[in-house]
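K.L.:
Take the sequences, apply the hints, and build the full model.
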Amino acid sequence: MALLEVRGMTKRFGGLAAVSEVSFDLQGGEILGLIGPNGSGKTTLVNLVTGALPRTAGEVRFRGGSIHGLSPHAIGRLGVSRTFQIVKPFRNLTVIENVMVGALFGSRGGAPSLAEARRRAEEVLDFVSLSHRAQTAADGLNVPERKRMELARALAMRPAVLLLDEVMAGLNPAEIDAAVALIKRIRDRGTTLIVIEHVMRAIRDLSDRIMVLFHGEKLTEGPPVEVLNNPEVVSAYLGRRYAERAGA
Amino acid sequence: MPPTQWTRAGVAALVVLALSLAPVALSPFLIQFLINLFMLAALAESWNIIGGFTGYASFGNVAFFGIGAYTTGVLLTVLKWPFALALPASGLLAMAFAALVGIPILRLKGHYFAIATLGVAETMREIVYNLKITGGGTGLTMPITKSALPFFYLMFGILVAATAINWWLSASRFGYGLVAIREDEDAAMAMGINAALYKTAAFALSGAFAGLVGGVSAYWITFIDPDGVFKVIITIQMIIMAVFGGMGTVVGPLLGALVLASVSELLSTQLVSLAELFNGLIVILVVLFMPKGLAEVISKREFSLRTLARNLREYRM
Chain L
1 MALLEVRGMT KRFGGLAAVS EVSFDLQGGE ILGLIGPNGS GKTTLVNLVT GALPRTAGEV
61 RFRGGSIHGL SPHAIGRLGV SRTFQIVKPF RNLTVIENVM VGALFGSRGG APSLAEARRR
121 AEEVLDFVSL SHRAQTAADG LNVPERKRME LARALAMRPA VLLLDEVMAG LNPAEIDAAV
181 ALIKRIRDRG TTLIVIEHVM RAIRDLSDRI MVLFHGEKLT EGPPVEVLNN PEVVSAYLGR
241 RYAERAGA
Chain X
1 MPPTQWTRAG VAALVVLALS LAPVALSPFL IQFLINLFML AALAESWNII GGFTGYASFG
61 NVAFFGIGAY TTGVLLTVLK WPFALALPAS GLLAMAFAAL VGIPILRLKG HYFAIATLGV
121 AETMREIVYN LKITGGGTGL TMPITKSALP FFYLMFGILV AATAINWWLS ASRFGYGLVA
181 IREDEDAAMA MGINAALYKT AAFALSGAFA GLVGGVSAYW ITFIDPDGVF KVIITIQMII
241 MAVFGGMGTV VGPLLGALVL ASVSELLSTQ LVSLAELFNG LIVILVVLFM PKGLAEVISK
301 REFSLRTLAR NLREYRM
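Sequence lines, in order, name chains L and X.
The first sequence: position 147 = 147 (the numbering used here), numbered continuously.
The second sequence: position 106 = 106 (the numbering used here), numbered continuously.
If you're looking for bench data, these hints aren't it; they were derived computationally from the structure.
Because the structure is a prediction, the values reported are computed rather than measured.
Heads up, the beta-carbon is just placed ideally off N, CA and C, and yes, glycines get one too.
Please note that the accuracy of each hint is not assured.
Calculated cross-link-like contacts (lysine to aspartate or glutamate; reagent style DMTMM-like; alpha-carbon spacing at most 20 Å) [said to hold, decoys possible]:
hint : chain 1 : residue 1 : chain 2 : residue 2
1    : X       : Lys132    : X       : Asp227
2    : X       : Lys231    : X       : Glu126
3    : L       : Lys88     : X       : Glu126
4    : L       : Lys88     : X       : Glu185
Listed next, the stretches of chain X that the computed footprint assigns to chain L, with coverage defined by at least 3 CB atoms under 8 Å from CB atoms of chain L [to be verified]:
hint : region
5    : 177–188
6    : 192–203
To give an idea of the chain X side of the interface with chain L (calculated C-beta under 10 Å), a few residues [said to hold, decoys possible]:
hint : residue
7    : Ala171
8    : Ser172
9    : Arg173
10   : Gly248
11   : Lys292
P.N.:
Structure follows, in structure tokens:
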């Protein structure tokens with residue numbers, strides 16, 4: 001049984017189908033790369049899976065049980081967490097307090113005490129190499145640091161499934177390498193991941209499988225090398241003429 | 001607890017002790033002043049729960065004050081309940097009312113929430129105006145009590161409890177949940193916080209304290225009418241005190257109440273309108289010079305022309 005099963009997921013905004021009939025399985029322990037041009041419905045899919053948006057049709061099963069209709073906080077507590085493409089820091093809280101909130105509310109199996117949450121937050125900050133900024137107000141972080149804090153908050157929830165929505169956007173090549181290594185370590189600690197990313201090198205290095213969305217529909221799914229060389233995928237990203245020339 | 005917290009707890013205990021012994025040494029005028037101060041401070045602390053910690057700027061908290069006042073009023077005069085039962089009823093009814101209206105209106109944010117709460121308070125005034133049991137526009141007159149001391153201790157007790165709740169919010173899981181909602185509600189929900197429940201609980205808690213203050217206040221001033229206890233200015237005062245002292249902090253609303261009550265007492269002996277002018281002036285100056293309030297200025301000495309310049313820039317004035 002797959003850890004997360006998505007079936008026929010559809011979201012229409014008026015006449016526009018942002019996500020249309022998307023189905024996929026997420027196996028425990030894997031990293032699924034999710035790519036697609038801007039506006040192809042990646043973030044909408046994340047919002048649908050995590051309950052942030054009501055779906056038009058379709059179903060999500062987590063560990064075999066339907067999580068359809070649950071509110072975002074309930075889904076978060078079950079063990080499905082996410083980061084936001086446009087980061088949403090708690091600006092007036094310090095970095096460690098931001099992460100503590102994740103530890104306080106996310107974890108399954110009862111609420112920890114403040115002291116315990118603080119200890120867990122310290123551990124997570126250490127893991128993402130942000131300890132030196134623990135006492136800084138979140139407002140004072142630069143963009144790469146904010147992305148890492150966003151990741152730390154989600155990790156503090158001790159999720160079974162983690163959906164990362166472009167955590168590498170705006171990072172330089174060295175920082176991307178570090179992020180790739182970090183995400184692999186997260187998987188090694190037992191978290192299953194869906195990673196949305198535009199940085200192709202990173203997504204190729206990270207993913208066990210890649211799924212491509214195009215105009216809200218699933219274009220293809222498979223091993224990274226196969227998917228990234230698929231003429232249909234190339235033409236979706238770069239246009240048909242480029243694909244034809246590359247193929248020739 | 002870390003040493004600084006022990007110091008704070010010690011200072012708080014001393015202040016509570018000193019104030020509870022104060023009536024022995026004070027003139028009736030000063031006792032009246034203190035009752036008024038406790039009332040304002042308790043209202044500011046109660047507003048702070050929803051406005052300061054949760055970030056939902058309620059412009060209608062006077063509704064809970066008024067409901068509390070009228071609950072005590074009606075129960076005392078019409079149904080002849082003892083005050084000892086009427087007062088808790090005031091708190092409970094205001095709390096239940098806050099929870100009930102909170103469920104729909106807490107779905108609104110920002111200006112929309114502010115306007116909706118304003119509407120709730122005005123609606124309550126009209127309802128009370130038109131009910132028979134409340135005496136309508138004539139109001140209700142309560143039996144006069146000889147001593148001010150019971151009111152002193154009741155108001156003080158409510159203030160201590162309201163402050164204690166705010167202190168608990170500043171250092172508890174529930175409080176962190178409220179602050180997370182204030183800072184970013186979508187992120188808070190994604191992180192496992194039941195925002196709808198938390199907001200409603202905060203609003204109900206805020207309502208309960210405002211209701212209790214309303215109940216004591218009604219018996220203390222012995223006469224209530226709809227225009228008096230549903231006055232918009234009462235909500236505005238709560239907001240000014242909390243903002244002036246520092247929203248979302250424990251001591252902020254206390255400081256705000258102390259300064260505002262003292263200054264308007266001094267000014268109103270000269271000229272009543274001067275006190276109101278001062279309130280308006282305070283709002284402008286606070287927003288410009290110390291948007292985080294007096295508590296922040298004292299603890300971080302963050303009061304400078306540079307802050308003013310930065311705020312002018314940020315707010316594009």
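K.L.:
Now, for every hint given, state plainly whether the structure supports it.
P.N.:
Tested hints:
A hinted pair counts as satisfied when its Cα atoms are at most 20 Å apart, and Lys132 of chain X with Asp227 of chain X qualifies at roughly 16 Å. A distance of roughly 12 Å separates the Cα atoms of Lys231 of chain X and Glu126 of chain X; the hinted pair therefore holds under the 20 Å criterion. For the suggested pair Lys88 of chain L and Glu126 of chain X, the alpha carbons sit about 42 Å apart, so the restraint of at most 20 Å is broken. As the CA atoms of Lys88 of chain L and Glu185 of chain X are separated by approximately 9 Å, the hinted pair is consistent with the 20 Å bound.
Counting residues of the region 177–188 of chain X whose C-beta lies closer than 8 Å to any C-beta of chain L gives 8; at least three are required, and the coverage claim holds. Counting residues of the region 192–203 of chain X whose CB lies closer than 8 Å to any CB of chain L gives 5, which reaches the minimum of 3, so the coverage claim holds. Annotation: interface hint on Ala171 of chain X holds; nearest CB of chain L at approximately 7 Å, less than 10 Å. Hint status for Ser172 of chain X: holds, given a least beta-carbon distance of 7 Å to chain L, under 10 Å.
Interface restraint check: Arg173 of chain X against chain L, minimum CB-CB distance 5 Å, threshold 10 Å, status holds. Residue-level restraint check for Gly248 of chain X holds (minimum Cβ-Cβ distance to chain L is 8 Å; threshold 10 Å). Interface restraint check for Lys292 of chain X: the shortest CB-CB distance to chain L comes to about 9 Å, inside 10 Å, so the restraint holds.
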